[in-house]
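Sequence order for the protein chains is B and Z. Residue numbers for the first sequence, in the working numbering: 1 to 190. Residue numbers for the second sequence, in the working numbering: 1 to 190.
FYI, nobody ran anything at the bench for these hints, they're computed from the structure. Please note that the accuracy of each hint is not assured.
[What the hints assert, rightly or not] Here are the simulated BS3-like pairs of lysine-lysine, each with C-alpha atoms no more than 27 Å apart in a straight line:
| # | chain 1 | residue 1 | chain 2 | residue 2 |
| --- | --- | --- | --- | --- |
| 1 | Z | 111 | B | 103 |
| 2 | Z | 93 | B | 101 |
| 3 | B | 187 | B | 168 |
| 4 | Z | 103 | B | 89 |
| 5 | B | 103 | Z | 73 |
| 6 | Z | 21 | B | 111 |
| 7 | B | 115 | B | 21 |
| 8 | B | 21 | Z | 21 |
| 9 | Z | 21 | B | 93 |
| 10 | B | 101 | Z | 89 |
| 11 | B | 115 | Z | 21 |
| 12 | Z | 73 | B | 6 |
| 13 | Z | 93 | B | 103 |
| 14 | Z | 101 | B | 93 |
[As the list claims (entries may be wrong)] Simulated restraints on C-beta separations:
| # | chain 1 | residue 1 | chain 2 | residue 2 | range |
| --- | --- | --- | --- | --- | --- |
| 15 | Z | 129 | B | 183 | 13 to 21 Å |
| 16 | B | 169 | Z | 171 | 48 to 56 Å |
| 17 | B | 117 | Z | 3 | 20 to 28 Å |
| 18 | B | 9 | Z | 169 | 42 to 50 Å |
| 19 | B | 111 | Z | 9 | 20 to 28 Å |
| 20 | Z | 171 | B | 117 | 39 to 47 Å |
| 21 | B | 9 | Z | 18 | 44 to 52 Å |
| 22 | Z | 190 | B | 160 | 50 to 58 Å |
| 23 | B | 183 | Z | 112 | 39 to 47 Å |
| 24 | B | 100 | Z | 102 | 21 to 29 Å |
| 25 | B | 1 | Z | 16 | 44 to 52 Å |
| 26 | B | 1 | Z | 116 | 18 to 26 Å |
| 27 | B | 95 | Z | 129 | 27 to 35 Å |
Glycine residues also receive a C-beta, built at the ideal position from the N, C-alpha and C atoms.
Protein chains: 2
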Amino acid sequence: MEKLKKMILERGEIRDGNILKVDSFLNHQLDVEFLHEAGEEFYNLFKDAGVTKILTIEVSGIAIASMAALFFKVPVVFAKKSQSLNLDKDVFKGRVFSYTKNKIYDVMVSKSYLKPEDRLLILDDFLAEGNAMKGLIDMVEQSGATIVGIGAVIEKGFQEGGSYLREKGYNLKSLAIIDEMGEGYVKFRG
Amino acid sequence: MEKLKKMILERGEIRDGNILKVDSFLNHQLDVEFLHEAGEEFYNLFKDAGVTKILTIEVSGIAIASMAALFFKVPVVFAKKSQSLNLDKDVFKGRVFSYTKNKIYDVMVSKSYLKPEDRLLILDDFLAEGNAMKGLIDMVEQSGATIVGIGAVIEKGFQEGGSYLREKGYNLKSLAIIDEMGEGYVKFRG
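So here's chain B without its partners, still in its complex pose:
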């Protein structure tokens, strides 16, 4: 997605530890007109996959998943990172290591919202090592639902998540793949 590449170049900041800071439009302040276009892009990529539901993970996946869902006309389910009085006790659980928060945590989805007949598109803002995706996939496997596609807004192609998922046979599409980055430069794939 050319517009996204331009936004990364103009508004992204690269920090130590392979951190790409895009919180001016993707994960703290949200440029919703851009996210709406990105949602439409995911629709164009996966519209023939028979998607019944979009699965994502709190926090930063929610906005892009919701925008895409407007085009697919399906519900979003977001995996939760902490127990709440509002959450069912009967949940699927997965484990995720967060690099940016430097901790392992459980993620949960109520069993009411993942069913064997579901055909899921999993969306998230970033794909790096794929830790969040692995936690989500684990829960989907417990539920018996089918993953018909996986999408990331930004994939860090120099980390392992993308190749891991493609080798496993998932139909993974990222709106921008960064193959290299460093102080003052970003090199995109393709």
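With chain B held as given, fit chain Z onto it using these hints.
This is chain Z only, laid out in the frame that chain B set:
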């Protein structure tokens, strides 16, 4: 909003401790077509207020804030509940007590995204005691921005948040106000 009242009656569940569980459409599974309509409703209520930005708080405020922002054509900023490597060190901080999680936590917004010239609409999924709102308002006051409106999808009118905010003079609009609820019944205001 009549459609919302109908959804609460048909799909909500009342639990011990004044918990209204609406996670089938508002805060775990998201009915995005409904949220889009609710976003338009907020637009109709606040379109003349000169809103420059919508402020909300992770997690459950993000989807409704994003949908409303599509109509206002302004960015969303969501306050974060935990420190992350991606977050600026230079932040406004507020304190929030969460009833559903039974703990106090800090919320943060990067100083880059709240400016004295901003005219903010604050949106959230629920308004009960108003603890999250108080934390957000505290940060806005630190920033010097103006709050031109506050909106909640569901207000628990039997708790103190709504009357507190109205007495303070805020232009608060809730899409549904529940004055009483108990096993098997919900009584709406108006």
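Status of the hints after comparison with the structure:
no.	hint	verdict
1	Z:111 / B:103	26 Å, holds
2	Z:93 / B:101	18 Å, holds
3	B:187 / B:168	26 Å, holds
4	Z:103 / B:89	19 Å, holds
5	B:103 / Z:73	36 Å, violated
6	Z:21 / B:111	15 Å, holds
7	B:115 / B:21	35 Å, violated
8	B:21 / Z:21	35 Å, violated
9	Z:21 / B:93	20 Å, holds
10	B:101 / Z:89	14 Å, holds
11	B:115 / Z:21	20 Å, holds
12	Z:73 / B:6	20 Å, holds
13	Z:93 / B:103	22 Å, holds
14	Z:101 / B:93	18 Å, holds
15	Z:129 / B:183: 13 to 21 Å	47 Å, violated
16	B:169 / Z:171: 48 to 56 Å	53 Å, holds
17	B:117 / Z:3: 20 to 28 Å	27 Å, holds
18	B:9 / Z:169: 42 to 50 Å	44 Å, holds
19	B:111 / Z:9: 20 to 28 Å	24 Å, holds
20	Z:171 / B:117: 39 to 47 Å	45 Å, holds
21	B:9 / Z:18: 44 to 52 Å	49 Å, holds
22	Z:190 / B:160: 50 to 58 Å	55 Å, holds
23	B:183 / Z:112: 39 to 47 Å	20 Å, violated
24	B:100 / Z:102: 21 to 29 Å	26 Å, holds
25	B:1 / Z:16: 44 to 52 Å	47 Å, holds
26	B:1 / Z:116: 18 to 26 Å	34 Å, violated
27	B:95 / Z:129: 27 to 35 Å	33 Å, holds
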